[in-house]
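K.L.:
With these hints in hand, go ahead and build the complete structure from the sequences.
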Amino acid sequence: MAQVEAVSGFEQWQEFAPRRQRGLWSDAFFRLTRNRFAMVALLVLVALIALALVGNNVHSVQRYSPREQNTDTLLAGPSGSHFFGTDNLGRDNWSRVLQGTLISLQVGFGVQAIVLVIGLTVGGMAALGGRMLDNIMMRITDIFYAFPDLLFIILMRAVLQNRDWPVLGDPVPQMIFAISFVAWVTIARLVRGQMLSLKERDFVLASRAMGAGNSRIVFQHMLPNTLGPVIVAVVFGIPLAIFAEAVLGFIGFGVPPPTASLGRLIADGYNFIRSDIWMVLFPAGTIGLLMLCFTFLGDGLRDALDPRAR
Amino acid sequence: MTGYIIRRILWTIPVLWAIATITFFLMHAVPGGPFDRDKELPPAALANLEKRYNLDEPLLVQYGLYLENLVQGDLGLSFKNGREVRDSITEGLAVTAQLGVFAFLYATIVGMTLGVIAALYHNRLPDYLCVFFATIGTAMPNFIIATFLVIIFSVQLGWFGVLGWGGPRFDIFDPLTWKNNFDPFAWDFHKVVLPVVALGTLSAAYIARVTRASVLEVLNQDYIRTARAKGLTEYVVVLRHTIKNAMVPILTVLGPIFAFLVTGSFIVERVFAINGVGYRFVTAVFQRDYGMIMGTTLFFAAVVAIANLVVDILYAAVDPRIRYR
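Sequence lines, in order, name chains A and B. Under this note's numbering, the first residue of the first sequence is numbered 594, with each subsequent residue one higher. Under this note's numbering, the first residue of the second sequence is numbered 787, with each subsequent residue one higher.
Because the hints were derived from the structure by calculation, they are not lab data. The model shown is predicted, which means the values in this text are computed figures rather than measured ones. A portion of the hints provided could be inaccurate.
Claimed, not checked - Examples of chain B residues lying across from chain A (beta carbon under 10 Å, computed):
1) L802
2) A883
3) T921
4) I930
5) I931
6) I937
7) G1050
8) F1052
9) G1064
10) F1072
11) A1087
12) V1089
13) N1094
14) Y1101
Claimed, not checked - Ranges between beta-carbon positions, derived for each pair:
15) A/P850 - B/P828: 29 to 37 Å
16) B/R869 - A/P849: 27 to 35 Å
17) B/K837 - A/A706: 41 to 49 Å
18) A/N728 - B/D873: 46 to 54 Å
19) B/E854 - A/F676: 54 to 62 Å
20) A/N663 - B/I937: 38 to 46 Å
Idealized CB from N, CA, C, for every residue including glycine.
P.N.:
As structure tokens, this is what we get:
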């Protein structure tokens, strides 16, 4: 075992020896570009994101309004005029899937943005704020950890429904909020663990010995070193948030109709699964593709940012 | 060790209390009352209903009453049909537990087999196939898997049914004879396979990953080389020496997986219209059935808490360092 490790370590060192001058991040980026799965996933994701952004704003790509009903083309199959067919009200599935994809992406990224802020704050406070604060913070995290995630998200969503509060009045921010409410725990635990172990490391001690103040140590030395695992966790969190949003849409707690979310499209498609498969096939395939790509990208990032963990 | 276990068990009590409290106040913050109908109820009837469910009391008094009942194991009444929540959960659990146990068996057997095969054929075709399955399986949400299963095996091939659960039914009650026609052997496997596969595939993929890593690690140990050197057959080396030692990390992930299979089943129950606990929970949230929401949430929280507890104790039994943390 030890021998195997030594050999692979040497090979790695050889591979990167001429490039020793690169920084940590460009090094990691270089390793990421060498990972074929991750690069394909990244390309597909960029394409999907671009398609979702362009498709919801440019009419020539969107082709039909996602709300426009047309009684002449009920449940038409995929064709040149309707790429993904039409639904039971004659609405164009292509434009509806594009709308759903945009919502999924908004929720995925929105949730992780909030989770990152809460997770860094709570985790950092627990690790650096002394024993009392650490205990309180970690007990709170424990309680949230014991809560069945999806049930809690459904409850939160039900609480937020039909409110006309300033920002939280719209369904998409409501969903982002409901999902972030349980999702921050993972990041908080991760940040705390990282910070606690970094606090004891020699380079922190050295920097303190050279007279660095607390804030300099935290922001210059500890925070950048926690970022690697945190970025990986955030990327892995995106598909989970997309999944949670799809589940909400699927059981009828998502964005209210006529807006299309991928989960709702699947639920609607189930009614016609015996006769018109494409109604469920395209939204289901889109969610599957999104989640698969984010997972592959996360795998690649983990290997790139922490080559020892391979 | 005993001290650690006792401390760990006692800690679940405040956790469950906190969850009960959070759920209670969240639920009362849901806009709209449980007795809102399209047609207004007469005020007298509404007052009677609210009295029956203690809704006329101040919120804190309701909370006190609720906790008092809870300590006595009473989950209260459903607000929609007036039945005991406990009975409804037991009824649903009969189905959810069957689904969960089958999915658990499927996940463990398939996952461990694939994991062991992948490790034994490290970096050869069977390994790549297993890793491929594991990656797809962990990345695909269960209702997407369910969707594709239904399209392929039910719609296209017509092999399996898609509505309801095929296990023995517990709710068949004949009012004429006052007998429960429960038949433990009434299985309809046409309606069992798809829900079980849909629910269990994610866990199977996860177990396969863990098993592969664990077996690979063990295969590199010196005692395996010793076993081979002393001339044992490959069969004995794999079964007796490798798998037995590779079990520890696998055992510890089985707890959370079981909890996940029981609490995560509501999506699959929804897809296949199976009347289990999860299905009842979703219906209850739609109907603002406070009693039922509280009961099911607490039930699921208790399942998760117990699973975490079992895992922590298992960990402590395996790794003595944890006990003194």
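K.L.:
Please flag the earlier hints that this structure goes against, numbers listed from lowest up.
P.N.:
Violated hints: 2, 14, 18, 20; rest satisfied.
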